[in-house]
Amino acid sequence: MLQATSLCKTVTSGERTLSILQNLSISVVAGESVAILGKSGAGKSTLLGLLAGLDIPSEGELMMFGHALGRLDEDGRAGLRAGRVGFVFQNFQLLPTLSAIENVLLPLELSPRSGELKTAQYWLERVGLGERTSHLPKQLSGGEQQRVAIARAFVTDPELVFADEPTGNLDPETGAQVIDLLFSLNQEAGTTLILVTHDQALARRCSRCLRLENGYLSEFQPEADVSSGESA
Amino acid sequence: MTANNLRLAGRSLRRDLRAADVRALFAALVLAVAASTMIAFFIDRIERGLERQASQLLGGDLVIEQRDPFAPDVRDALEGAGFTLSDQVDLVSMIRKGERFQPASLKAVDDVYPHYGVSQVERGDGVESLASGPPAGEAWADPRLANLIDLALGDEIKVGDTTLTVTGFIEREADQSAGFGNFNPRLMVHVDDLEATGLIQEGSRVEFEILAAGPPQALDAVQPLLNELRRDGVEVRDIRADRPQLGNALERAESYLGIAGLAAVLLAGVAVAMSTRRYVERHLDTAALLRCFGASQQQLGIIFGLQLIGLALVASLLGALLGLVGQAILLALLANFLPMTLPPPGIMPLLLGVFTAIAVLVGFAGPTLLRIQRVSALKVLRRELDPLPPSAWLVVVFAALVFGGLLWLYSGSAVLSLALLAGGGVMLVLLWALSALLLNALLRLVQGLKGHGEWQQALRLGGRQLARRRQAGLGQLLAFSVTFFAMAMMVLVRGDLLTTWQAQLPENTPNYFALNIQPPERDPFEETIAPHVAAQSTLYPMVRGRITRINDKPPQQAVDPEARGDNALRRELNLTWQAELPEGNEVVAGEWFDVDAGEEVPSIGWMAELDAVEQMPPVPVSMEDGLANRLGLGLGDTLTFSVGGRDIKTRLTSLRSLNWDSFNPNFYVIFPPGVLETFGHSFITAFYLPEDEQNLTRELVERFPGVTLLNVDAILGQVRDVLTQVTRAIELILALVLLAGVSVLYAALTASRPVRAHESGLLRVFGAGNRMISRIQGAEYALLGVASGLMGAALAELATGVLYIYWLDLPPRLHGMLWLVLPLGGALLIGVIGHWLSRGLRRQAPAASLGLLGEA
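Going down the list, the protein sequences come from chains A and B. Start counting the first sequence at 1; every next residue gets the next number (the working numbering). Start counting the second sequence at 1; every next residue gets the next number (the working numbering).
Because the hints were derived from the structure by calculation, they are not lab data. Don't take each hint at face value.
[As the list claims (entries may be wrong)] One-sided excerpt, in silico: chain A residues whose CB lies under 8 Å from chain B:
1. LEU54
2. ARG81
3. PHE87
4. ASP164
5. LEU217
For every residue, glycine included, the Cβ atom is placed at its ideal position computed from N, Cα and C.
Using the sequences and the hints, build the whole thing.
Below, the structure is given as structure tokens:
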């Protein structure tokens with residue numbers, strides 16, 4: 001499904017070269033749920049961007065769905081994502097002028113298929129917002145907005161879903177509800193989930209946990225009772 | 001894929017219209033198109049209508065006139081070029097009915113008459129519109145003639161040696177232009193009857209005319225022939241050279257509309273530019289998201305390009321529709337004044353409108369939109385990752401090219417457009433520098449404010465906010481300055497136009513002319529009217545004289561070939577003498593007579609021998625500058641007039657400009673006193689007779705039967721009507737420009753709303769209340785308003801000065817109030833719109849405001 005080998009990411013600012021990710025390798029198989037845990041500023045989002053093909057690594061190779069992303073141009077990588085990859089973001093990324101259902105429709109409209117509207121309606125019902133399809137984002141609470149985003153992530157029936165701090169902007173109770181929803185949909189659809197978070201409790205719900213620290217990635221077993229010390 | 005992109009673009013456009021910035025963009029575009037099409041439609045239709053009316057008033061597209069019958073080769077040449085010809089003969093003759101005689105101005109027409117329009121004729125069944133003249137054996141008379149010799153329909157009259165039956169009274173001739181040239185009442189007859197009258201003989205004063213109607217190409221084709229005819233002293237009039245004077249009012253109004261149209265387009269362009277920024281920034285988020293979902297660059301380009309074009313098309317169609325309605329309203333307002341039926345609206349203005357919308361949008365938004373294509377999908381994770389903005393040069397050059405193209409399209413002159421564009425560019429750079437200086441000065445002033453009052457604090461904080469967003473603030477300042485400038489200019493020019501028009505026709509403008517007042521009647525006449533009239537012009541003596549030599553050569557040889565057919569050389573002129581410069585006249589070259597000096601003016605006295613006149617040294621005279629220009633004469637040139645059979649040699653010592661629209665007697669040539677008194681002369685005067693004194697005319701006709709009274713109430717009323725209606729039209733356009741101005745303010749403030757929301761959200765987090773925030777924002781708006789108001793005032797003064805001198809032909813003046821009204825009004829207007837736009841924010845929790853960045 002996803003295979004990263006010796007990924008490096010360096011950024012230059014002025015004369016200084018800053019190494020964010022060093023020699024990372026990771027392999028994700030279909031149906032897995034992987035948590036990438038790390039402190040604020042550890043480079044979690046950078047890694048997610050690389051894995052999703054939104055950014056290109058300075059070194060190393062990345063295979064997605066059997067294609068080497070490095071050999072594709074920007075449009076090629078976009079084409080690979082179309083319909084097969086879903087995203088859930090920390091700040092929801094709903095378009096403010098679009099209603100809930102229009103936001104869910106958006107990825108479907110890029111590569112049209114029949115019954116789009118029904119599909120979108122179905123997914124909104126699945127996330128419990130079947131009655132609020134015509135509401136604009138600003139008329140929805142944070143938790144509701146993230147649920148719309150989750151519906152949008154699953155609406156194309158993707159093989160792979162990336163989630164970037166999906167509870168980062170929500171209170172613990174709402175966050176827990178959203179996470180329950182995310183995992184139950186993921187399980188039902190048999191989707192591969194790659195989740196970036198600083199929340200150990202959230203990480204524990206994934207089948208595998210990886211820690212990103214000082215640019216290196218290491219696998220670990222989350223402790224049952226650690227929750228403090230990781231907050232941003 | 002393309003069909004899907006089209007669908008997606010359509011959907012996004014529909015959804016997008018919910019966003020405030022798109023609505024602002026849309027409104028700006030609709031306004032730009034509405035204003036430009038409305039004015040283009042209006043001017044296009046009026047101009048085509050005027051051309052037709054010009055031909056009608058002239059009697060044809062080309063009229064040539066001479067004392068002898070035309071040679072066949074002239075007729076052949078004209079017909080060969082594609083003209084249809086109509087013959088007409090004019091002469092003055094005595095008409096007799098029984099024992100009553102009356103001189104009448106005879107007009108003999110053929111079966112082709114008239115080429116254009118219809119005559120209003122009463123033939124016993126009410127007034128009919130007829131596109132013909134009387135048939136042979138019949139005559140149509142002016143109702144004045146009927147009164148003078150008691151004519152009734154069916155009466156027989158003697159014209160020369162023949163007898164004709166009066167079968168109609170002419171209320172209005174198809175080709176009659178309003179003028180004072182002909183005071184004898186009209187009698188229209190058929191040319192076939194002319195020979196039988198025996199009136200056309202060697203030496204009789206007859207004018208033969210050919211009225212030709214044909215396409216513009218025909219007119220081009222015969223130009224060499226016409227020039228040759230002019231050189232031979234034949235009078236040639238065509239619709240290009242001799243457009244009937246519509247008065248300065250309408251011409252100035254057209255200029256005003258033209259300027260207003262450009263101002264509206266410019267304003268809308270600024271609004272589009274201001275809204276585009278925000279539009280593009282917001283769409284960067286959408287684009288990044290779409291990239292994330294797998295859209296290709298090309299797909300993004302197509303979707304957003306289509307969306308933009310869709311926006312332009314919808315806006316231009318709506319705008320064109322509004323423009324169409326607007327021009328109909330404009331024409332309805334002017335309907336009473338426009339006697340002609342206008343041609344239907346053409347397609348050109350519509351295309352122009354659509355082109356304007358697309359050009360404005362592409363010109364101002366295109367380069368910025370290129371950024372959207374280059375957006376990285378990673379932006380969804382890292383907000384700060386905006387693609388590089390397009391080079392400022394690219395944006396400016398592109399917008400300038402587009403605006404230059406529009407200018408060219410509207411003005412029709414490449415040189416003018418280039419000059420305006422270059423001037424505009426220089427102005428923009430200067431403005432930018434000036435804005436920076438002004439803003440700095442204001443900010444320093446505000447920061448230096450001592451005291452801890454609420455307002456001082458608000459001003460300091462507001463100033464600081466403005467200073468922090470210096471570049472954005474400068475951009476807004478510039479946009480607001482241009483907006484206030486355009487709005488102020490249109491208001492100023494309108495005000496000054498109206499004042500000038502009102503001054504031109506004051507309350508007591510003469511509505512009667514009295515001619516042929518004989519010297520012994522002069523005092524009794526003045527005594528009779530004095531108690532009744534509200535105003536009276538000077539009583540001018542009038543002597544008729546013909547120019548016989550110019551600089552000691554026959555006139556035909558002395559002037560340029562083009563001037564040889566000029567009326568002033570072919571007819572007798574009305575001459576007068578005056579010691580003082582008549583009211584409304586202005587000496588533009590040389591000096592007015594110095595009567596007291598005595599030496600310069602040779603006096604022959606009342607009793608002198610007439611022969612003495614011919615021995616005199618040249619008499620100083622003053623000529624109207626328009627005539628002098630036409631004849632190519634200047635100070636020092638000599639003219640010999642034949643007056644009463646004697647030659648008087650004169651020298652031009654002054655040129656005068658005068659106001660032909662003033663409804664006062666005007667003279668081409670004025671002599672000093674002491675020269676013309678010996679010749680037979682009469683007096684002319686104009687006076688204003690109030691409505692309730694109209695009985696005086698009866699008394700005047702009875703006591704002074706020889707005096708001709710001419711009532712110009714109808715003409716005066718028509719001119720007043722024109723002014724009122726043109727004023728209304730101008731007010732409509734002004735409203736449109738002001739609306740465009742408000743749309744700029746709205747667009748600019750909408751664009752800056754999220755940043756302000758973020759700032760006020762932060763301030764609230766720190767504990768500022770709504771009152772405090774309103775005050776700080778108010779202070780910021782006030783600073784912006786005052787600065788842009790001042791800049792706008794300076795620009796408006798400068799521009800109106802230039803406009804007045806070079807375009808509208810009005811004297812420039814300073815507008816003191818402007819410097820007070822514009823800064824204060826500007827601050828108020830910006831404050832009100834800004835306050836209204838942020839009304840929702842004041843009720844929102846800070847968290848929501850902080851999250852608003854990035855929303856519409």
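Against the structure, the hints come out as follows:
Given the 8 Å rule on beta carbons, the hint for LEU54 (chain A) holds: about 4 Å separates it from the nearest Cβ of chain B. Checking ARG81 (chain A) against chain B by beta carbon gives a least distance of about 4 Å; that is within 8 Å, so the hint holds. Restraint check, PHE87 (chain A) versus chain B: the minimum CB separation of about 6 Å is within 8 Å; hint holds. Hint on ASP164 (chain A) holds. Least Cβ distance to chain B is approximately 6 Å, under the 8 Å limit.
Look at LEU217 (chain A): its Cβ only gets to about 18 Å from chain B, farther than 8 Å, so that hint breaks.
Going down the numbered hints, you'll see the structure goes against just number 5.
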